[in-house]
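Residue numbers (my numbering), protein chains in the order written: chain G, 1 to 203; chain D, 1 to 207.
In short, the hints are calculated from the structure, not lab data.
Here the structure is a predicted model, which means the values were calculated and not measured.
Backbone N, C-alpha and C define an ideal beta-carbon position, used for all residues, glycine too.
Do not take every clue at face value.
Derived contacts from chain G toward chain D, CB cut-off under 10 Å, selection only [stated by the list, open to error]:
| # | residue |
| --- | --- |
| 1 | F50 |
| 2 | Y145 |
| 3 | K195 |
Letter by letter, the chains look like this.
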Amino acid sequence: MNLNSSNITDNDHQMQQQTKQAELNDEQLDGQLSDEILVNQAKTGDKAAFKQLYQRHQGRVYAISFRLSGSHDHADEICQDCFVRLWQKLDQFNGESQFTTWLHKLSVHQAINSMKAKQRFWHRFLPSSDVTQDAELDASVHYEYHRLDKLIMKLPERTRVVFVLSAIEGYQHQEIAEILNIAVGTSKAQYHRAKQMLQEMLS
Amino acid sequence: MKNKHSKSQEQQQDHNNSQLDDLIVSLPKEITPPVDLWQNIGEQISAKTTHDISHSNSTSHQQHWKMLAMAASLAFVMVLGWKLSTPAVSPTQEPVTVNNALSNQSTEDLIALVDQIAQTHKQQIAAFDDNKYTVGMQLDNQANPFNKGFSELELASKQIQQALKNDPNNKPVWDLWLWIMKREIELLQQQQRTPINTTPSTQGNLI
Numbered sequence: 001m002n003l004n005s006s007n008i009t010d011n012d013h014q015m016q017q018q019t020k021q022a023e024l025n026d027e028q029l030d031g032q033l034s035d036e037i038l039v040n041q042a043k044t045g046d047k048a049a050f051k052q053l054y055q056r057h058q059g060r061v062y063a064i065s066f067r068l069s070g071s072h073d074h075a076d077e078i079c080q081d082c083f084v085r086l087w088q089k090l091d092q093f094n095g096e097s098q099f100t101t102w103l104h105k106l107s108v109h110q111a112i113n114s115m116k117a118k119q120r121f122w123h124r125f126l127p128s129s130d131v132t133q134d135a136e137l138d139a140s141v142h143y144e145y146h147r148l149d150k151l152i153m154k155l156p157e158r159t160r161v162v163f164v165l166s167a168i169e170g171y172q173h174q175e176i177a178e179i180l181n182i183a184v185g186t187s188k189a190q191y192h193r194a195k196q197m198l199q200e201m202l203s
Numbered sequence: 001m002k003n004k005h006s007k008s009q010e011q012q013q014d015h016n017n018s019q020l021d022d023l024i025v026s027l028p029k030e031i032t033p034p035v036d037l038w039q040n041i042g043e044q045i046s047a048k049t050t051h052d053i054s055h056s057n058s059t060s061h062q063q064h065w066k067m068l069a070m071a072a073s074l075a076f077v078m079v080l081g082w083k084l085s086t087p088a089v090s091p092t093q094e095p096v097t098v099n100n101a102l103s104n105q106s107t108e109d110l111i112a113l114v115d116q117i118a119q120t121h122k123q124q125i126a127a128f129d130d131n132k133y134t135v136g137m138q139l140d141n142q143a144n145p146f147n148k149g150f151s152e153l154e155l156a157s158k159q160i161q162q163a164l165k166n167d168p169n170n171k172p173v174w175d176l177w178l179w180i181m182k183r184e185i186e187l188l189q190q191q192q193r194t195p196i197n198t199t200p201s202t203q204g205n206l207i
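Chain G with its partners taken away, still in its complex shape:
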């Protein structure tokens, strides 16, 4: 009986090891470490691991930053701030959700906070009409864009932000209302306004 138990335990142990090995293989698929492994390494202060995370996710974070802010200059700032913030908050990532989901939320919040801070700053010195960036000009001069990106840049700021969060990033109006500190109805109205404006631009 004892022998059998011992065999079962050994078998279990062997299976566990095989499972662990399989997980490790998954994590190191194509010679690349998984986000979770890189996060754990970065948590210990490993900047090389953090740089890999940056290289892997910079495009996604930059796209969010650019579409929300409507400006490359501001998107540069937001994207940098996102990764600096990420470095500071790595310890708070406990693996309950996917790293990409967590980073996405962090990026959206960072972008919105940065935009608010920028406006607060400039409102101290300039009339509000000067504060809104001429996103269209910024967007169309130097870079090549997807057609929708070009159109989005023409939307008023709040309308654009709501549209990007709802239609592109898949947020619910309730979530958008909480993030932007606006009413759910306002979020819906801005979304419909955005759609209407974009449809007019397309026609």
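Since the structure of chain G is already known, use the hints to place chain D on it.
For chain D alone, kept in the frame of chain G given last:
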């Protein structure tokens, strides 16, 4: 006839709806940053790791502005205090070096280094000045809040440079001088980004 027109409008709207949906679906999830952002990120996380500067959140321009104002004021106070308390370089003061490299240089070399850095910095500022018309800057406009801040920083920088030449081994003064010059460059960069001189946009609700 009216029905036909209305039907045509509906068809057009459906077409636009479908076109918009297609555009949303085809929108790339990623956009490559036009410039490499890692260098700045790396510098910032290194600074935060080594110094644990909790108040250096660069997202807050308000805080940034306060820091600039405080730094400029602090610089004036320090220079003034230093000038009043030490009319000449104190012979009893132990030499404090900026880093190992500086510690190996003579006072004359350090003074030469101050001039060299100041010259390089001047050229950097001049480069911004050359571009002021192309980027819409108006450096001669004193009503511009940037100019006021920049003038204060520039004055502080010159005062500190002079103080440093009198006492080139003073590490805190070195640090302060380099910091002030960095802020000058950052302020000019910010000025380039601001829509301060653009015509008021008719678009744009505020968040």
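Each hint, compared with the structure:
1. The criterion of a C-beta within 10 Å of any C-beta in chain D is met by F50 (chain G), whose closest approach is roughly 7 Å, and the hint holds.
2. At a threshold of 10 Å, the smallest CB-CB gap from Y145 (chain G) to chain D is about 9 Å, leaving the interface hint in force.
3. Nearest Cβ of chain D to the Cβ of K195 (chain G): about 7 Å, under the 10 Å cut. The hint holds.
Hint compliance for this structure: every hint is met.
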